[in-house]
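Q: Single-letter residue listing:
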Amino acid sequence: MLRIKLDRIDELLAAIAKAQTLYLPVDRSDGQAEFRKWTEGARLSNALNTVRSAKDFFFPQTEKLMEFKTEGKKIEVVDTREDCEDFVIFGVRACDARSFEILDKVYLVDPVDTFYKNRRDHATVVTMACDRPAETCFCHAYGIDMTEPGGDVTCYKQGGYLYVNANTDKGTRLVETVASLLEDGDTAELEKAKAQTKEIYAQLPLAKLSMDNFGGDKMDEYFNSPKWKELSEACLGCGTCTFICPTCQCFDIQDFNTGHGIKRYRCWDSCMYSEFTKTAGGQPRPSQLERFRQRFMHKLVYFPANNEGEFGCVGCGRCLVKCPISMNIVKVMKALEEK
Amino acid sequence: MQEAMIAKAKAMLADGTVDRVIGWKRGEFWYDITPAVFETAEEIDRDLVFDDFTAANVSKYLIKECVKGGGRILVFLKPCDTYSFNQLLKEHRIDRGMIYVVGIECYGKIDPDKIRNRGITGVKSAVNDCGTLKIETVYGTETMPAYEVMAERCLSCKSKKHVVYDELIGEDGEVTDSDRFDMVEKLENMTAQERFDFWRGELSKCIRCNACRDVCPACTCEHCVFDNDKSGIANKAPFSDFEENNFHIIRAFHVAGRCTDCGECSRVCPQNIPLHLLNRKFIKDINSLYGEYQAGADTDSRAPLTDYTQDDCEPSVVHERGVE
Amino acid sequence: MQVNENKEFEPVIVAFCCNWCSYAGADLSGTNRLNYPANVKIIRVPCSCRVNPMFILRAFQRGADGVIICGCHPGDCHYTSGNYYARRRMTLLFSMLDFLGIERDRTRVEWVSAAEGAKFAATMNEFTEAVRALGPNRRLEDLRCRKQ
Chain V
6 MLRIKLDRID ELLAAIAKAQ TLYLPVDRSD GQAEFRKWTE GARLSNALNT VRSAKDFFFP
66 QTEKLMEFKT EGKKIEVVDT REDCEDFVIF GVRACDARSF EILDKVYLVD PVDTFYKNRR
126 DHATVVTMAC DRPAETCFCH AYGIDMTEPG GDVTCYKQGG YLYVNANTDK GTRLVETVAS
186 LLEDGDTAEL EKAKAQTKEI YAQLPLAKLS MDNFGGDKMD EYFNSPKWKE LSEACLGCGT
246 CTFICPTCQC FDIQDFNTGH GIKRYRCWDS CMYSEFTKTA GGQPRPSQLE RFRQRFMHKL
306 VYFPANNEGE FGCVGCGRCL VKCPISMNIV KVMKALEEK
Chain C
16 MQEAMIAKAK AMLADGTVDR VIGWKRGEFW YDITPAVFET AEEIDRDLVF DDFTAANVSK
76 YLIKECVKGG GRILVFLKPC DTYSFNQLLK EHRIDRGMIY VVGIECYGKI DPDKIRNRGI
136 TGVKSAVNDC GTLKIETVYG TETMPAYEVM AERCLSCKSK KHVVYDELIG EDGEVTDSDR
196 FDMVEKLENM TAQERFDFWR GELSKCIRCN ACRDVCPACT CEHCVFDNDK SGIANKAPFS
256 DFEENNFHII RAFHVAGRCT DCGECSRVCP QNIPLHLLNR KFIKDINSLY GEYQAGADTD
316 SRAPLTDYTQ DDCEPSVVHE RGVE
Chain X
70 MQVNENKEFE PVIVAFCCNW CSYAGADLSG TNRLNYPANV KIIRVPCSCR VNPMFILRAF
130 QRGADGVIIC GCHPGDCHYT SGNYYARRRM TLLFSMLDFL GIERDRTRVE WVSAAEGAKF
190 AATMNEFTEA VRALGPNRRL EDLRCRKQ
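Protein chains in written order, with my numbering: chain V, 6 to 344; chain C, 16 to 339; chain X, 70 to 217.
The set of hints was computed from the structure by calculation and includes no laboratory data.
Treat the hints with caution; some may be incorrect.
What the hints assert, rightly or not - List time: in silico EDC-like cross-link candidates among lysine to aspartate or glutamate, alpha-carbon distance up to 20 angstroms:
id : chain 1 : residue 1 : chain 2 : residue 2
1  : C       : K220      : V       : D35
2  : X       : K216      : V       : E76
3  : C       : K139      : C       : D197
4  : C       : K201      : V       : D35
Only chain V is shown next, with the shape it has when bound in the complex:
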C-alpha cells in the first residue's frame, strides 16, 4: 500500500490543496475540532470527531435557494444557484462516511435534490481509520468497521506512517495528483494494528450494543411504550442533538423579507422544536414527549422501515457527548429493550 511518513503529512495536505479546495478537521482554541478550509500552516486534528459532523458539506445548515425581486407589481425570480468546484474532505471518520450513504437515501432518490447532488458529485471523500475509539463509539452496532472507513480514499495511521489507499476512480485520480510524495510500503504491521484497535473497541462499554431489537417491524411494540414519558421528561427541547447529528436530515424553508425583495432559504430544522409540526390545522405533536419519540422512532424504526433496514444512526456518539441533559439514543434503546 502507498504511504508517507506522518511528519510529512503537511506536504501531502499542501499538495492536495494545490489541486483542489481542501477541507480538514483542525483544532480550535477551545480544544474542539471543526472542519475548516485548508490554509497555509493548518494542522490536521487528532480528535476523534469534529463537533459538527461532515454532513455540512453536502447539506449545509443554511443555503439560499432563490430570490424574488419586486418592483411595483412585477416579481422577478432569480436563480441564485452557483457552480460548485471540486473539493476534497480529508479526515472523515467511518461513521460520518456512512452518514453520507444515509443522506443519499433521502436526497438522491426521486425527486433528486439537485443542490445536494451537485455538491456530492464534486466531492472527493478521504476517510481516516480510527485507532483510538472513545467510550461513546457504537458504530459497530450498525455494521461499520472503524478500521475500514471507506470513502473515495482511505487513510490509516500506523507506526509513524500514513497509509493511503484509493477505493474509487475519483479517489485514484486524487492519489495520482500526489503520487510523487508517496512510496510503497508493507502492510503487515498495519493489519496487526487494525486487529488491536478492534480489541480495544471490544472493551468499551457500548461494544455489545446490538440493533437486533430494532427495525421497521417494531412500530407497534415501541410507539405506545410507557417508557417515553420517563425518557422525555428532562428533554429541554433544544436542537443540539439534531444539529450535530450526521444523519438528521430535516429542513425548513423560510422566506426572508429584506425590505426590497424576498430571499428564500433552506435551513436545518429540528423535530425537537415546538414549531416543527405546526400547521394551519394545529399541532399534532403538542408536547415534548411526542417530539422526543419522533426523533428516536425515526432513527430506529421508521427509517429502516423505508430503507431496507438501514438505521438512521451511525453511532458517532456526538449526541452522547453534547446533549445538555445527557439523554441520548443509547439510553433510549436500552430503556425500550427492558421489558
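Let chain V serve as the given structure and place chains C and X on it in line with the hints.
A: Frame of chain V; chains C and X shown alone:
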C-alpha cells in the same frame, strides 16, 4: 452525601410528605447524568446520584412539576441552584407551598470537556478520591487534581451559601470573593475592534440549537419571540452574522437583572461559546451603575430593570468611557 | 441605504421620538423653519420606554447607520416614569453593544421637550454628522438587506 440524599428522599416519600423527588439520575458512563423526577423508592435506590458530574441546575424543572399539580415535590438544590429557585419564586413561576427544598453542599463540578481536551478517551470510570481524580480508561489509568478539570464557572464560584432551603445536607458555605468579572474586564480593556473580532469569532460558532435558552432558569417565557413566526424575527438557523448577534444580545438583555449567573448557558453550549460573559457584563454594569445586586439573593427586592432613581446616570456614560 | 462609491456617504438615521415631547419638539423645529437633515427618519412612539432593544437592532439590520432615542426630560414623562426605565435600559444596551465591539457613537439618547425645537434640530444635525464621520454601519448589518 449521596447516601444521605437517598435516605432523605426515601423517608419523605415513605411518610407521604412529598410524592416525587427531583434530582439526578445515573447515566451510562461516568459523566452523562440526567436530571430526573423520581416517584418510587426503588428508582431512587437504583438511579439517584450525586457526585462530581451532577452539574445540571434542576430548578427550572419545578415550573413543569408545579403546573402538573399533585402532591408536594422534594428538590435537591446546590447553592447556585438556590439563587435560581429564589428568582423563579420572585417571578411567580413556581409555588413555594408545593416544594420542599433540600440544600446540598457543593465543592464544584467537573467539566468532562476539560478531561477530553487532555486527550483522555475510552473512559471506563472516574473516581474522586479526596480531590484527586482517578480515571480508568481502556488505554490506561490517569490521575489529576480535580480542580484542574473543574468547570470554569465553579472555579469562579460566587457563593457556596444556600439562599433558601427547608433543610440542609452538609454544611452551608459563604458568599465567596470571586474573580468572576476578570474576563469581562479584560474584554472591556480591549479596543472596539479587538472586542468585535473576539465576539465574531465566538458567536460565529453558534448553531442556533437554542440550548442556552432552553436550559436557562431565567428564560421561562411560554412562547419565545424567537419561536414566534409572527414576530418577524423568528429564525431557526443563523443566515447572517446579524441574526447571531441579535439572538444573543436580546437573550442576554431579556435576562439582565434576572440572571443569577448560574452558568448553565455556557455549560450546555455544544460549541463552547462563553455566553456567560454576556450576562456577566450586564451584572457588572448593574453593580457599578445602580448598586450591587445579586438576582435570586432574596425574593422581595426590586430588580434593577424594573426600578429607577431620579439621579441615575445618563446613557452617555457609555460614550464617555476610555477605550475606543 | 445605497452606498454609491461616486457619491458621498449619506447615513440613515432612525430617531425614535416620544409622542408627548420629542415628536412635538420635531414639529416645533419644523414650524420654526429650522433645518435638520433629511437623513433622519422619525418613528413616533408613545413613550421612550416603548422602545424595545430589538427595535434598535432591527433598525440597524434594515440599514440604519445610527439610532437615536428622544424622550421627555427625566421628571417630565407623560406617564410619570417611563423615561426613567428607558434610561436604565438604554444605558445597559449601549454598554452591551460597546462590549460586542459595535461603535458606541452610533446610538444615543437625548431628552428633548416639546418646547425645544431648536435643540431637536441641533441634536439631529450633530448626530448625523457624528454618524457620517463613522461611516456606514458594517458591524451590525444584515448583508441580505443591503441594496446591491
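Q: State for each hint whether it applies.
A: The hints, checked one at a time:
This hinted pair checks out: K220 (chain C) and D35 (chain V) have alpha carbons roughly 11 angstroms apart, not beyond 20 angstroms. A threshold of 20 angstroms between alpha carbons decides the hint, and for K216 (chain X) with E76 (chain V) the separation of about 13 angstroms falls inside it, so the pair holds. Of the pairs offered as hints, the one joining K139 (chain C) and D197 (chain C) is violated, with about 36 angstroms between alpha carbons and a cut-off of 20 angstroms exceeded. A threshold of 20 angstroms between alpha carbons decides the hint, and for K201 (chain C) with D35 (chain V) the separation of about 18 angstroms falls inside it, so the pair holds.
Hint 3 alone, counting from the list given before, is not met by this structure.
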